[in-house]
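Place chains A and S on chain P using the hints.
Protein chains in written order, with this note's numbering: chain P, 72 to 376; chain A, 72 to 376; chain S, 72 to 376.
Derived by calculation from the structure, the hints in this document are not laboratory data.
From a predicted model like this one, the values you see are computed outputs, not experimental measurements.
No residue lacks a Cβ here, since even glycine has one placed at the ideal position from N, Cα and C.
Be careful, since some hints might not be right.
Said to hold, decoys possible - Here are the in silico distance ranges between beta carbons for each label pair:
(1) Asp345/P <-> Thr315/A: 16 to 26 angstroms
(2) Gln305/A <-> Lys159/P: 38 to 48 angstroms
(3) Lys339/S <-> Gly244/A: 52 to 62 angstroms
(4) Arg374/A <-> Thr342/P: 32 to 42 angstroms
(5) Pro141/A <-> Lys245/S: 33 to 43 angstroms
Claimed, not checked - Here are the simulated DSS-like pairs of lysine-lysine, each with C-alpha atoms no more than 25 angstroms apart in a straight line:
(6) Lys343/S <-> Lys319/S
(7) Lys316/P <-> Lys319/S
(8) Lys343/P <-> Lys339/S
(9) Lys278/S <-> Lys130/P
(10) Lys278/A <-> Lys136/A
(11) Lys357/A <-> Lys319/S
(12) Lys339/P <-> Lys339/S
(13) Lys287/P <-> Lys140/P
(14) Lys316/P <-> Lys362/S
(15) Lys278/A <-> Lys140/S
(16) Lys319/S <-> Lys287/A
(17) Lys357/S <-> Lys278/A
(18) Lys316/S <-> Lys130/S
(19) Lys287/P <-> Lys311/A
(20) Lys245/A <-> Lys278/A
(21) Lys319/A <-> Lys278/P
(22) Lys278/A <-> Lys278/P
(23) Lys287/P <-> Lys316/A
(24) Lys372/P <-> Lys339/A
(25) Lys362/A <-> Lys316/S
(26) Lys191/P <-> Lys159/P
(27) Lys319/P <-> Lys362/S
(28) Lys278/P <-> Lys316/P
(29) Lys316/P <-> Lys159/P
(30) Lys373/A <-> Lys362/A
(31) Lys287/S <-> Lys278/A
(32) Lys343/P <-> Lys339/A
(33) Lys136/S <-> Lys278/S
(34) Lys278/P <-> Lys130/A
(35) Lys357/S <-> Lys191/S
(36) Lys278/S <-> Lys287/A
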Amino acid sequence: MSTLTAFRAATGRFLPRMVPHLHKTSSRCVIPISSVSCQHRLMTNGPNFIRVEKDDTHKGVSVIKMDNKPVNSLSTPVLMEMANALDKLESDSSCRGVILTSANPGIFSAGLDIFEMYQKSPDQTNHFWKCLQEVWLKLYGSSLVTIAAINGHSPAGGCLMAMSCDYRVMSSGKFTIGLNETLLGIVAPFWFSDTMLNTIGHRQTEKALQLGSLFKVDQALDIGLIDQVAEPDQIMEAAKTEMTKWLKIPDHARILTKQMLRGPTLEKLQTKRDEDVAFFTNFIQKEYIQKSLGMYLESLKKRQK
Amino acid sequence: MSTLTAFRAATGRFLPRMVPHLHKTSSRCVIPISSVSCQHRLMTNGPNFIRVEKDDTHKGVSVIKMDNKPVNSLSTPVLMEMANALDKLESDSSCRGVILTSANPGIFSAGLDIFEMYQKSPDQTNHFWKCLQEVWLKLYGSSLVTIAAINGHSPAGGCLMAMSCDYRVMSSGKFTIGLNETLLGIVAPFWFSDTMLNTIGHRQTEKALQLGSLFKVDQALDIGLIDQVAEPDQIMEAAKTEMTKWLKIPDHARILTKQMLRGPTLEKLQTKRDEDVAFFTNFIQKEYIQKSLGMYLESLKKRQK
Amino acid sequence: MSTLTAFRAATGRFLPRMVPHLHKTSSRCVIPISSVSCQHRLMTNGPNFIRVEKDDTHKGVSVIKMDNKPVNSLSTPVLMEMANALDKLESDSSCRGVILTSANPGIFSAGLDIFEMYQKSPDQTNHFWKCLQEVWLKLYGSSLVTIAAINGHSPAGGCLMAMSCDYRVMSSGKFTIGLNETLLGIVAPFWFSDTMLNTIGHRQTEKALQLGSLFKVDQALDIGLIDQVAEPDQIMEAAKTEMTKWLKIPDHARILTKQMLRGPTLEKLQTKRDEDVAFFTNFIQKEYIQKSLGMYLESLKKRQK
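With the rest of the complex left out, here is chain P (with noise of 0.2 angstroms):
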């Protein structure tokens, strides 16, 4: 048994899966994150919104390219593949990293699909919040070495999870990024606020957060919302030679590492995730909230008119 799966067998592997306190080795491996009510659809077979293929370069990295037309929307069913795509390479000891991008160039994810959200029933939008959770609870904790290749616009749902990797190039060109939630009349969960908090700081996610800003490419490198710029023909080439950086690290230790830093983060959610639940539904259920996403998938309409 090689020094990483002993090490591995013994964590449980998954970050997720790991108390928040290093110290607490006990209960490291128990506690399984995900809600069944999310789980137990996985396997429904249907379209690939969420393609992994193996990167020819490294071995031991993947990568998971969205591929929901035209806009990346992060809809139930994509939220449901990807958070499957990121278990499948969790518990494959031949994976030790992966690249997260577009496979339409010019948008990495338009984020939430608001059709998840507008005219639904409670049980809807609770299994799609549920899933949304799930997917930032597997990717924010990956054991993985986790690179976004930010091929395009990454606004909102697109922004969270380009943050919740370990390392973000993004396309230069007229692209965006950020949480532009409030624009839409509505709030960001405090977990997306933990996740700015934790990459550009306070000051920074108070100014961006109450304003909706989406920053430009400079913009974000400039306040370290984004690491590195890339030629958009070159995007994949630069995650490539920053995962090369990152596998140079012995696993065990990068895992120990990134948990004592994200654990507190995570687990924050993990002992919250019903009341989460619950507030979502509870506000997006709210009369003059449906009519601005109302309002605002007319806007939509008329402008791809």
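Then chains A and S, alone, in the frame of chain P:
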């Protein structure tokens, strides 16, 4: 009933009355923050240290001008008037934003009035401190968009007022800003420190607070203590231009986001108000502190001659 | 009795003995931080790894020079001497500040002595770790002004010592500084991480700690890991000039402010000391960690040939 009015009604609108965790919506509007001992004197007639004017360019925006010559010291009466003014604007449903500035360009505010701490009875220092807490809770937790137009020097309590706003524009010139309490041998309380931590981060706060640093305008911009610099004759214009950006955001989304980010810091003082008052009065009444305040006042007198 | 002496008497003067919340003044001076098992051996005579000299230009300032050739490894005896030296200065009422540097320019400190972790008994690694905790608690929580004159390489534990001071000047040249533990397959404990978080913020710490980054002098300055760069032959001069600034602040105000900002971080380890020792010993004794340390030591031997 408009969306905003409905939202305000539902949440009680005042941030300090909301609980820090978004989820416990039930208790949002039940706990008034005001301590009786500060509030009951607010009706006192007296000179107008705090002038509230309507902004002529923005509907729904007011301007608060501090006017306590010569240096806008924050005495007990000034603080009471400020709390009163903030209360009125907060409960005025036509008001959405406020610009905080000085009626005496060259000095934003010199901070706490030393005479309120020197040779006073414990009752007097208790009352003074409660009023200061009150103003900070109302300003830092205001549901309005708050912009500081820092048109002059802004040491100590003046810096606190500025940092408690959502955005800071400062006049270019030979002005300084910072929490310089240690220079006088006194100590900024934890909530001054927390406000600074949320603005410039831990490391800068550690240095600035221990050294009692007063930053020049460019330095302040560089470390993020202010957000923007404007020519002295254009500072109100700059503040109004910035206000326009913030007013584009739906109030309910902006307020919930602000609450999420500032709630825990506000709640920390809320739960420790009495302790904090007792600590201040105990500290300030110490012989060696009184002696050092006396020496400082003596040096001020000499300077004025 | 001078103001300062009165203050020291009232507070017990030592930061670690103060409780983290300013308000509970009653219990400030009652809890000695030293664990018996580290302290009782401090009397041992032996070589002088830690030299304490008076600064010739500043009254009240001492210089601690680490001198454990060739690379100032932090072995158990070195740590015990360091704890002892810090204790003596802390209780010397004429001492107000200390400059920490190396007697061997070119290397500040190579960090923890690997031989203290390799093929040792649990008792030995327990003791070693307790001494390291002790030194950090005394240095990070020192009531003295602490300035690191980093006159050479400063990896791992060397970086921790530097980060625990109030201010860092580093020699220009081909030196590096950082917490590079993951490169050796080991993991910086939470309090190394916390110290770094308080210095360079969350995002930079996440990258630096996972990648085991060793920063060049200019990079370190850029991310705020050090505060200043000086020519190697002017580093002590630079440290002394900076010391002058800090000594202008009344000690009691500076100490209370430092306690407010560092108290919670110190208390976190204080309440988990035993857990932390047990975790370290359990981790370091693992077969695959021992193997990886063995390989590292082997590689060092080859390099020296």
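Is Lys316/P within 25 angstroms of Lys159/P, Cα to Cα? Given pair Lys316/P, Lys159/P holds - Cα atoms ~24 angstroms apart, limit 25 angstroms.
Hint check: Lys316/P vs Lys319/S, CA-CA at most 25 angstroms. Holds or violated? 46 angstroms, violated
Holds or violated: Lys287/P and Lys316/A, Cα atoms, limit 25 angstroms. Given that 25 angstroms is the threshold and the Cα spacing comes to 17 angstroms, the pair holds.
Is Lys278/P close enough to Lys130/A, meaning Cα to Cα at most 25 angstroms? 23 angstroms, holds
Can the restraint linking Lys136/S and Lys278/S be considered satisfied, given a maximum Cα separation of 25 angstroms? 31 angstroms, violated
So if I understand the rule, the pair passes when the alpha-carbon distance is 25 angstroms or less; does Lys357/S with Lys278/A pass? 41 angstroms, violated
With a cut-off of 25 angstroms on the C-alpha distance, tell me whether Lys245/A and Lys278/A pass. Holds, at about 22 angstroms.
Would you mind confirming whether the straight-line C-alpha gap from Lys343/P to Lys339/A stays at or under 25 angstroms? 21 angstroms, holds
Taking the CB of Pro141/A and the CB of Lys245/S, does the distance hold inside 33 to 43 angstroms? 55 angstroms, violated
Do the Cβ positions of Asp345/P and Thr315/A conform to the proposed distance bound of 16 to 26 angstroms? Between Asp345/P and Thr315/A, where Cβ atoms are some 40 angstroms apart, the hint is violated.
Look at the Cβ atoms of Gln305/A and Lys159/P and judge whether their distance stays inside 38 to 48 angstroms. Given range 38 to 48 angstroms: violated, Cβ gap about 58 angstroms.
Holds or violated: Lys357/S to Lys191/S, with C-alpha atoms at most 25 angstroms apart: Holds, because 12 angstroms separates the two Cα atoms, which is no more than 25 angstroms.
This entry does not satisfy hints 1, 2, 3, 4, 5, 6, 7, 10, 15, 17, 24, 26, 28, 33 and 36, going by the numbered hints stated previously.
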